[in-house]
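J.: The primary structure of each chain is shown beneath.
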Amino acid sequence: EPEVTQTPSHQVTQMGQEVILHCVPISNHLYFYWYRQILGQKVEFLVSFYNNEISEKSEIFDDQFSVERPDGSNFTLKIRSTKLEDSAMYFCASGQGQILNTGELFFGEGSRLTVL
Amino acid sequence: GESVGLHLPTLSVQEGDNSIINCAYSNSASDYFIWYKQESGKGPQFIIDIRSNMDKRQGQRVTVLLNKTVKHLSLQIAATQPGDSAVYFCAETYYGGSQGNLIFGKGTKLSVKP
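Line by line, the protein sequences are chains Y and V. Here the working numbering is used: the first residue of the first sequence is 971, the next is one more, and so on. Here the working numbering is used: the first residue of the second sequence is 38, the next is one more, and so on.
Everything labelled a hint here was simulated from the structure, so no lab data went into it. On a predicted model such as this, the values are computed, not experimentally measured, just so you know. The reader is advised that the hints may include incorrect statements.
Said to hold, decoys possible - EDC-like cross-link-like pairs, simulated, lysine to aspartate or glutamate; straight-line CA separation at most 20 Å:
id, chain 1, residue 1, chain 2, residue 2
1, Y, Lys-1027, Y, Glu-1014
2, V, Lys-79, Y, Glu-1079
3, V, Lys-143, Y, Glu-973
4, V, Lys-79, V, Asp-121
5, Y, Lys-1012, V, Glu-76
6, V, Lys-143, Y, Glu-1014
7, Y, Lys-1012, V, Asp-86
8, V, Lys-143, Y, Glu-1055
9, V, Lys-146, Y, Glu-1055
10, V, Lys-79, Y, Glu-1014
11, V, Lys-150, V, Asp-54
12, Y, Lys-1027, Y, Glu-1055
13, V, Lys-79, Y, Glu-973
14, V, Lys-143, Y, Glu-1079
15, Y, Lys-1048, Y, Glu-1079
16, V, Lys-93, Y, Glu-1029
17, V, Lys-79, Y, Glu-1074
18, Y, Lys-1048, Y, Glu-1029
19, V, Lys-143, Y, Asp-1033
20, V, Lys-146, Y, Glu-1079
21, Y, Lys-1012, Y, Asp-1056
22, Y, Lys-1053, Y, Asp-1033
23, Y, Lys-1027, Y, Glu-1038
24, V, Lys-79, Y, Glu-971
25, V, Lys-146, V, Glu-52
The following block holds chain Y by itself, in its conformation from the complex (with noise of 0.2 Å):
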């Protein structure tokens, strides 16, 4: 069965250091998202990104964080001087169309950043 597949699985880094997380989604997939979830909190939406571009990103995606798709595979999410508060379980997630149309989203098993 086809998946969503992120790494790293765990990153530690020392605050203001830039992290890049990996993901490869499903390869018929053309909507792609990431989301993170803060320790025992709600996954809270970062940003979606279509036809290579970012088409809606929420508050907590600010200037330090950017998205790229660098080849027809990868989706990368890049923090550029991570903060204390940047620690959390980040998703990537892949659907086919919109959510409204399609319904389901697949998500990664994440990759949880520690910033230390």
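Dock chain V against chain Y, hints included.
T.: Okay, now just chain V, sitting in the frame of chain Y:
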């Protein structure tokens, strides 16, 4: 502002019993709702969805009920099994608002006792 919340943060049931997990939403414009299951160390997994033009939808052992009058959503799991133990999230979105901005609730932890 918009919010999706859950009445019960934890729910403990006996194996074989039925489970009911509740969710309240505040945005009357929301027209699409999804229940997700999240097992420990994994990402959210789609269970079932419902659109606002419906009040009930059934899947395999799961039923989602939507009451738009009181803005309430519930997930019913029949004959709960140990493998159902997880955190369950409801999520909402609305047409015209987003292409992916699902608003998640805080989650209810379901524990199934053998």
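J.: Hints first: check each against the structure and report whether it holds.
T.: Now the hints, each set against the structure:
A C-alpha spacing of about 11 Å is found between Lys-1027(Y) and Glu-1014(Y), which places the hinted pair at or below 20 Å, so the restraint holds. At most 20 Å may separate the alpha-carbon atoms for a hinted pair to count; Lys-79(V) and Glu-1079(Y) meet this at roughly 5 Å. Between Lys-143(V) and Glu-973(Y), the direct Cα distance comes to roughly 25 Å. Violation of the 20 Å bound is thereby established for this hinted pair. Annotation: proposed proximity of Lys-79(V) to Asp-121(V) holds, straight-line Cα distance about 14 Å (limit 20 Å).
For a cut-off of 20 Å, the pair hint linking Lys-1012(Y) to Glu-76(V) stands: about 14 Å separates their Cα positions. A C-alpha spacing of about 10 Å is found between Lys-143(V) and Glu-1014(Y), which places the hinted pair at or below 20 Å, so the restraint holds. Annotation: proposed proximity of Lys-1012(Y) to Asp-86(V) holds, straight-line Cα distance about 19 Å (limit 20 Å). Under the criterion of a C-alpha separation no larger than 20 Å, the hint pairing Lys-143(V) with Glu-1055(Y) is consistent with the structure, at around 18 Å.
Between Lys-146(V) and Glu-1055(Y), the direct Cα distance comes to roughly 24 Å. Violation of the 20 Å bound is thereby established for this hinted pair. In summary, the hint linking Lys-79(V) to Glu-1014(Y) is supported, as the alpha carbons are separated by about 16 Å, within the 20 Å threshold. Our distance criterion of 20 Å between C-alpha atoms is met by Lys-150(V) and Asp-54(V), whose separation comes to about 10 Å. The suggested pairing of Lys-1027(Y) with Glu-1055(Y) holds, with an alpha-carbon distance near 18 Å, which does not exceed 20 Å.
Pair hint Lys-79(V) plus Glu-973(Y) holds up; C-alpha atoms about 12 Å apart against a cutoff of 20 Å. Of the pairs offered as hints, the one joining Lys-143(V) and Glu-1079(Y) holds, with about 18 Å between alpha carbons and a cut-off of 20 Å not exceeded. Between Lys-1048(Y) and Glu-1079(Y) the CA atoms are separated by roughly 18 Å; this keeps the pair inside 20 Å, and the hint holds. A hinted pair counts as satisfied when its Cα atoms are at most 20 Å apart, and Lys-93(V) with Glu-1029(Y) does not qualify at roughly 34 Å.
Using a Cα cut-off of 20 Å, the hinted pair Lys-79(V) and Glu-1074(Y) holds, with the two alpha carbons roughly 17 Å apart. Between Lys-1048(Y) and Glu-1029(Y) the CA atoms are separated by roughly 16 Å; this keeps the pair inside 20 Å, and the hint holds. Restraint check: the Cα-Cα separation between Lys-143(V) and Asp-1033(Y) comes to about 27 Å, which exceeds 20 Å; the hinted pair is violated. The hinted pair formed by Lys-146(V) and Glu-1079(Y) meets the criterion: a straight-line CA distance of about 18 Å does not exceed 20 Å.
Between the alpha carbons of Lys-1012(Y) and Asp-1056(Y) the distance comes to roughly 15 Å, so the proposed pair stays at or under 20 Å and holds. A threshold of 20 Å between alpha carbons decides the hint, and for Lys-1053(Y) with Asp-1033(Y) the separation of about 13 Å falls inside it, so the pair holds. Proposed proximity of Lys-1027(Y) and Glu-1038(Y) is supported: the alpha carbons are some 14 Å apart, at most 20 Å. For the given pair, Lys-79(V) sits about 16 Å from Glu-971(Y) by alpha-carbon distance, which is consistent with the 20 Å threshold.
With a CA separation close to 15 Å, the supplied pair Lys-146(V) and Glu-52(V) stays within the 20 Å bound.
Comparing the model with each numbered hint stated earlier shows that hints 3, 9, 16, 19 do not hold.
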